[in-house]
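Below, each chain spelled out in residue letters.
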Amino acid sequence: MRRTGLSILLCMLFVPVVVAAEKPLKKASFLPQWSPQAQFAGYYVAYKKGFYKDHGIDLTILQGGPDRPPLLFLTEGKTDFASSWLSTGLRWRSSGHKVINICQIVQRSALMLIAKKSHLITTPRDMDGKKVSLWGDEFQIQPRAFFRKYDLNVETIPQAFSVNLFLRDGVDVASATWYNEYHTIINSGVDPDELRTFFFHEHGLNFPEDGIYTLEETFKRDPSLSCAFVKASIEGWVYAFSHPDEALDIVLRFIEQAKIPANRTHQKWMLNRMKDLVVISDSPGSMGRLQQTDYQNVSHVLNESGVIETMPEFKSFFVWCDKDVEK
Amino acid sequence: MWKNRGIAFKLILSTSVSSGLIFLLVFALNYFSSLKIVVTDIQTNAQSLALSKANMIETILSSTQKIPETLACFLENGSYDREQILRILREIVEKNPEICGSTIAFETSPFEGKSSAFAPSFYKANGKMLFSELSGDSGGYFTSDWYQIPKELSRPQWSEPYYAGGGGNMLLATYSVPFYRVVRGETQFMGVITASISLEWLQNIVASIKVLQTGYGVLISKNGTLVTHPLKELIMNETIFGLAEERGDTKLREIGRKMIRGESGFVPFQSMGTEEHYWVYYTPIPSSGWALAILFPRNELVVDINRLTWVVAILGILGLSLLSIGLTVIARSITKPLTTMAMATQEIARGNLDVELPLPRSGDEAGVLLSAFRSMKDSLKDYIQRLTETTASKERIESELMIAHDIQMSLLPKTFPPFPDREEFDIHAMIHPAREVGGDFYDFFLIDHDHLCFAIGDVSGKGVPASLFMAMTKTLIKATSSGGIAPGEILTRVNRDLIQGNDACMFATIFFGVLNTNTGKIFYANGGHNYPFILRRGNEATWLEGNRGIVVGGVENATYETGQAVLESGDSIFLYTDGVTEAMNEREELFSDDRLRTRLTLLQGHAPKELISGVAEEVAEFSQNMPQADDIAMMVIRFSGKRNG
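Those protein sequences? They're chains X and R, same order as listed. The numbering of the first sequence is this note's numbering, which starts it at 1 and goes up by one. The numbering of the second sequence is this note's numbering, which starts it at 1 and goes up by one.
Hints are not guaranteed to be accurate.
Computed spacing ranges between beta-carbons, pair by pair [what the hints assert, rightly or not]: (1) X:E246 / R:P230: 28 to 36 Å; (2) X:T123 / R:R87: 52 to 60 Å; (3) R:S52 / X:F161: 32 to 40 Å; (4) R:Y180 / X:T123: 51 to 59 Å; (5) R:E83 / X:D137: 49 to 57 Å; (6) X:D137 / R:K210: 34 to 42 Å; (7) R:N299 / X:E246: 49 to 57 Å; (8) R:L51 / X:P192: 31 to 39 Å; (9) R:L130 / X:S242: 26 to 34 Å; (10) R:L29 / X:T123: 38 to 46 Å; (11) X:S242 / R:S52: 51 to 59 Å; (12) X:E309 / R:E233: 29 to 37 Å; (13) R:Q84 / X:D151: 34 to 42 Å.
Hint data in this document are derived by calculation from the structure and do not stem from the laboratory. Ideal Cβ positions, reconstructed from N, Cα and C, are used throughout, including at glycine.
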């Protein structure tokens, strides 16, 4: 069923290609929020397969990394489009930056807490009084909301990029993403049945993550550019999911170009998990659409957490390209 | 199917199969016990090699550990200022060539005028000594593994190996020791002292592990990361578990888990990447939690065994082939003569005794059989030839005897009634020689109108000589008989004539008589013969009384008396030879005189012909299936008297 859904979607998306190919290419740039990996497979695949060119865009994909906050780069005009978490986008929007979400790629939160069963943690309540390592900024919003929800008093310590502290039992619970750290832990010799996982989306804290952001101003100046970018990106994702081996080859080439150690097994896991997170419905056309309920849930939690003071209006924050706009 | 197969086939198949099985058994036993010996050997070697390498690594690591540990001891117990710290740190890096960098990272700076973080660091780069101060805020050393892990675990730790400066080529590992100070009775975490070493030497040690051509050593970190591996692209880029996942190799993952848990072991292992079979010995490097594995290539290690196995297998197959060839030769040496003989037998059965048989080539059983068969064929041929000849001569003799028989029979009067115009007497006689020709005879003739001579005799012996003697005797009797000579005289003369030239010493018993056909008076003489019976009407049969006399032709100058008797009208005289009374039945009983007399008494009054056939039937019935041993002759003369007188 899912495959059928994807195919139909793919067919629909290819329709405007013929029309768009005639036009002169528009220059644009895109910044992912991290260094090249399968988390951004759709964009790299769309780039390599020429989907952006087909939609009239001469795209440059900038290299992301921890020292390159995408929304900062966006507001400073260093990129036209950026990938960022919904919570980050909301924070920026509510703090007065005119950033808008034009496509919500990751619909389901990959963020999770993970514990070893040997530390006697099986329910959220078992975390009480335990040592939990957390990443910074937006990565703390869901865990802290989770602790509030279950009324947990935990000792938090900062967590860097490795999971070694967790592996060596320096903490009881660590932060992780389903597509990345979880797999790193498994591939450091811990068996899945030795672990207890707490997915936030299973605890009423589903924060849609990676989305495409641009400036309101950029969108208004040339809506068709933004919409073309979104369409080409979605095509890229659909293609990546239906051609995983080819997509992995493409992603690995980008990783090698960035001189980062490339591990195909890990990227394969990541791409498969991205499919779980991106394609949550069989209905064609649902991909990329930010659900208002998700939006309200996130903004509510953010507001509660004191991250944002005002909740931006959904319609002004999320702009979905329908056919009218493209014309 | 099996039943109809040839001896050679059965012999070769059963022997080959059984010796093949024995060979396989010995072969397998040999192979597996050799393998066991080799494996035990390899395990010992593997263990000592792995342990010696692990010890080598352990020694270097633990000597490195001493430096930050000593410094920690100093910082925990002594007093120092900033300059001292920097000088000591510099000296550590300078004076220990193996250490390429060292840091003292404070949780909070113990010196005034500094921000909360303080982490002076000396390190070597391109042969120069460099100094830097690390920052402690967000993204700084507080959350680095080398600082955070020993701090949280409150014990020294070796870091995971890492590349210097992120993308550099130099592989480093850092040993971090947390240090504390007791303030007002409370142990307070002060910071972490590190010493970093290049792992080039370690990579060299492990890379130097070469087992034959394809065996190698692998070092994995505590997380399972491949620190050394013959495949460069895997180094620091893949964990043993990632490799296991990629290859779908759960066994590899299990080995990896045992390795990072600090276990040792020796296990067989097949690489899902190269398909190569190995034996793996793994052992931990205890101080760092890393583990060393040495892969012993199975194929290369068992190459000698395999070669030996091949040699044994080839020898075995060769031996089996030789055995089969030998068996074929032997079996053929048995079956070939058999086949030839079988064909020859069929030929012989068809009557062809000239069929060629091969000469026996050996003295074994088959050869002996062939020899015997050859001589049997030859004897058979001879025998049949002789038989053919004998049969031919026997047939000739038989035909001659038949002629002799016919002649002898023709000598005797056989037309009955012989004198149909004479009513005063009636004669009937019968002779039945035991063989074609016999010695018994009878005769009767008229010497004048009123005198009938009659004789019955039995020549000693049987067959042709007896018949010739009989013929001579009969002729003599007939020649001698004439009117006026008494029967006694006639026998005396016959005796005399027979004795002359009787070189064969043959003799005959003869009863000779003359009947006066008018009066019924009988003159008679007996030459050793059974007395005939007189059958008088209404009376029992009685012997004709008189002297028996001696055999004719036996004694020179023997004389015979003449007796006389009178037959009344209706009386008969029954003459016979001893073939009648001495006929035997199956119980070897004689027919006997009594039985004859009884029978004659019963038959008296019958015509001569009926009387003779009655006795003959009685004798035949008595002797039944017993072959006739002696000639039988019987004669009856019935006197009726004168009808007209």
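Each hint, compared with the structure:
no.: 1; hint: X:E246 / R:P230: 28 to 36 Å; result: 29 Å, holds
no.: 2; hint: X:T123 / R:R87: 52 to 60 Å; result: 54 Å, holds
no.: 3; hint: R:S52 / X:F161: 32 to 40 Å; result: 37 Å, holds
no.: 4; hint: R:Y180 / X:T123: 51 to 59 Å; result: 35 Å, violated
no.: 5; hint: R:E83 / X:D137: 49 to 57 Å; result: 39 Å, violated
no.: 6; hint: X:D137 / R:K210: 34 to 42 Å; result: 50 Å, violated
no.: 7; hint: R:N299 / X:E246: 49 to 57 Å; result: 37 Å, violated
no.: 8; hint: R:L51 / X:P192: 31 to 39 Å; result: 33 Å, holds
no.: 9; hint: R:L130 / X:S242: 26 to 34 Å; result: 51 Å, violated
no.: 10; hint: R:L29 / X:T123: 38 to 46 Å; result: 60 Å, violated
no.: 11; hint: X:S242 / R:S52: 51 to 59 Å; result: 53 Å, holds
no.: 12; hint: X:E309 / R:E233: 29 to 37 Å; result: 51 Å, violated
no.: 13; hint: R:Q84 / X:D151: 34 to 42 Å; result: 50 Å, violated
Going through the hint list in order, the structure does not satisfy hints 4, 5, 6, 7, 9, 10, 12 and 13.
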